[in-house]
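Take these sequences, add in the hints, and give me the full structure.
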Amino acid sequence: MKTLKMMLALGLLSLSITSAQAVQIRDFHKDVIGRDCKACHDHGIKQFPSDEACLKCHNIDDLVKASKRPEEDKWQNPHNNLHYGKDLPCQECHAEHKTKKPLCSNCHTFKFDKHID
Amino acid sequence: MSNIDLLGRRKFIAGLGAAAGAAMVSPAMAVSEKADGVKWDKELEVVIIGSGFAGLAASIEAIKLGAKDVHIFEKMAYFGGNSAINGGLFAVPGSPKQAEKGIKDSVERMVADQLASGRGIADEGLLRHVASHANEALQMTLEAGAEFHPYLQQLGGHSVARTYQTTVSCGAGITQPLLKMSRKMGVHTHNRSKFEGFLIGKNNEVVGVKMRENYHFGENQPGKVLNIRAKRGVIVATGGFAQNINLRMAQDPTLTAEVGCTNAPGATGEGMFEMFRLGAVPVHLAHIQSGPWASPDEGGFGYVSNYSIFNFPHSIAINRLTGKRFMNEIADRKTRADAELSCRDEKGNALPPILITSFKDSKKHPNTAKVIKYNVGWKFDSVEELASHFKVPLKELKAQIKEYNEYVKTGKDTQFGKNMTKAKDKYIQAPFTVVRLWPKVHYCQGGVQVTKKAEVKDSFTGKPIQGLYAAGEVCGGIHGVSRLGSCSIPECMVMGMTAVRSMMKA
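Quick mapping for you: the protein sequence lines, in order, are chains B and S.
Sequential numbering of the first sequence, starting at 1, is according to the UniProt record's numbering.
Sequential numbering of the second sequence, starting at 1, is according to the UniProt record's numbering.
In short, the hints are calculated from the structure, not lab data.
All figures in this text were calculated on a predicted structure; none of them were measured in a lab.
Among these hints, one or two may not hold up.
Covered stretches of chain S (chain B as the covering partner; in silico rule of three or more C-beta atoms under 8 Å from a C-beta of chain B) [unchecked claim]:
| hint | segment |
| --- | --- |
| 1 | 296-309 |
| 2 | 374-386 |
| 3 | 438-447 |
Below, in silico cross-link-like pairs of lysine to aspartate or glutamate (DMTMM-like), each with a Cα-Cα straight-line distance of 20 Å or less [said to hold, decoys possible]:
| hint | chain 1 | residue 1 | chain 2 | residue 2 |
| --- | --- | --- | --- | --- |
| 4 | S | 457 | S | 205 |
| 5 | S | 360 | S | 381 |
| 6 | S | 373 | B | 61 |
| 7 | S | 180 | B | 87 |
| 8 | S | 180 | B | 61 |
| 9 | S | 224 | B | 87 |
| 10 | S | 373 | B | 73 |
| 11 | S | 363 | B | 73 |
| 12 | B | 46 | S | 205 |
| 13 | B | 74 | S | 147 |
| 14 | S | 364 | B | 72 |
| 15 | S | 184 | B | 87 |
| 16 | S | 398 | S | 381 |
| 17 | B | 101 | S | 124 |
Glycine residues also receive a C-beta, built at the ideal position from the N, C-alpha and C atoms.
What follows is the structure, encoded as structure tokens:
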């Protein structure tokens with residue numbers, strides 16, 4: 001029985017290591033979250049997280065201040081923009097496991113220097 | 001009441017080009033079903049699919065008329081659809097600002113302009129209905145807090161200035177206030193909710209919808225599908241299909257993926273397809289409009305579109321091969337788009353024409369600074385500099401500018417018959433601002449046939465499908481061959497309001 005439990009434990013450990021290694025994770029999230037998939041995946045691993053997941057740790061008003069633009073371009077603020085205000089879900093421009101461009105770039109040539117693809 | 005089994009006509013519908021195109025849209029096609037024995041996950045009073053002008057106006061009107069439980073479902077992550085990214089141009093005949101400016105206009109005059117553009121196949125009854133209620137729609141936007149420029153614009157094909165524009169020169173100047181007002185009034189808004197089909201009652205009426213949760217556009221989706229009963233009815237306000245490459249190519253093979261499109265990515269037409277499955281009548285699907293104000297130098301609608309729309313009345317469009325004008329700059333969209341597409345170099349390759357404006361006139365619009373800043377527009381201090389930059393024959397261009405300025409002076413364009421009212425005293429002179437023009441797929445005149453009560457007609461019986469209403473660009477036939485600019489906002493909003501009035505028998 002002890003041997004069986006040990007084998008199962010080793011198997012699970014291998015499985016989790018393999019899973020974590022197979023999925024690209026942002027460096028900044030790796031540092032803070034580590035391998036805790038549930039930190040974001042509130043709908044389970046097989047679905048995208050809810051739009052509220054990011055906002056558990058990131059405050060939208062702080063982000064609006066951080067990405068503020070000069071007055072004549074104020075509505076180009078990606079976190080408080082002309083078309084959708086503060087309503088645009090984070091996942092529309094930010095992805096964890098693949099690269100993603102800002103939604104604005106479908107139509108505009110704005111520069112978002114801090115955006116990580 | 002129809003005795004014909006609506007779902008049994010799938011094979012009939014499949015024989016039409018639209019459905020054939022539909023078959024290629026996505027691997028997970030929506031399917032409408034009989035509601036017999038269905039376990040309802042939710043029972044809601046009013047179900048609105050789509051969150052653009054039509055859906056938002058419908059939701060507000062529903063609450064005003066006494067509905068207590070109103071829901072908007074939007075498949076995208078964000079609300080507003082194409083309405084949130086359009087030019088915010090709103091035509092209203094007999095408006096308060098026309099009265100203020102002493103501009104004479106009428107429902108009849110606006111409808112006449114639209115019929116001319118529709119080339120004989122527009123729906124006069126629907127156009128008159130929309131024009132007659134446009135002021136009510138405008139009032140709703142003002143009530144919500146929308147703000148408009150202090151001037152009216154005269155867009156291509158219109159015989160008089162009747163077009164409001166939001167101060168942010170964008171439809172979001174209307175969608176954002178409407179969305180906020182809608183929510184404040186108690187409307188429930190649901191994003192990432194994908195309409196997966198209708199649920200049909202015993203008498204072939206629409207009794208509900210299937211809606212997938214946690215939908216991410218363009219991704220494979222395991223989200224749960226809910227059966228939602230709609231106690232009063234369903235309003236489909238899902239917009240057009242300009243982003244559906246297969247369907248637009250089925251109508252016009254030249255509209256390949258390489259042709260630019262101004263639309264939001266979600267404008268793919270599934271709501272329309274699902275109504276066709278039920279038996280809705282397809283109307284004018286082949287009339288797909290391109291925007292003649294668009295730029296090859298930026299994506300989608302960008303900044304140039306609104307810049308051009310504002311400046312066309314007092315500008316000249318020049319073929320770069322000849323140095324000459326080639327069109328009436330304020331003709332309707334199809335006339336101008338076709339004329340632009342004919343601008344070619346010696347080898348027949350596309351040669352986007354340029355729009356030349358005096359800076360003293362263009363600088364009045366906020367987009368002028370933006371087009372220059374983002375390198376999608378240019379400013380020149382001399383005609384020589386301009387001609388050199390765009391490789392336009394200088395002598396011919398100078399002669400054309402001189403000739404056109406005579407038309408400005410006399411008020412009569414003998415070259416292309418342009419209405420020079422808005423160009424009065426606006427001579428083409430340095431410094432100039434210039435943009436390149438190239439049409440982009442913009443608006444689908446086609447869609448499902450509706451009555452003046454926003455009811456969806458059944459193709460076999462000619463009668464409305466009970467429990468089902470449609471409003472906005474998802475409807476077809478209203479505009480005929482070519483929609484006039486700024487006539488979509490009044491249509492979307494008025495028909496959204498109309499759908500609710502019909503549903504609630506107001």
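Hint check:
no. : hint          : in the structure
1   : 296-309       : holds (count 6)
2   : 374-386       : holds (count 3)
3   : 438-447       : violated (count 0)
4   : S/457 / S/205 : 12 Å, holds
5   : S/360 / S/381 : 12 Å, holds
6   : S/373 / B/61  : 28 Å, violated
7   : S/180 / B/87  : 11 Å, holds
8   : S/180 / B/61  : 18 Å, holds
9   : S/224 / B/87  : 23 Å, violated
10  : S/373 / B/73  : 11 Å, holds
11  : S/363 / B/73  : 17 Å, holds
12  : B/46 / S/205  : 36 Å, violated
13  : B/74 / S/147  : 17 Å, holds
14  : S/364 / B/72  : 15 Å, holds
15  : S/184 / B/87  : 15 Å, holds
16  : S/398 / S/381 : 14 Å, holds
17  : B/101 / S/124 : 44 Å, violated
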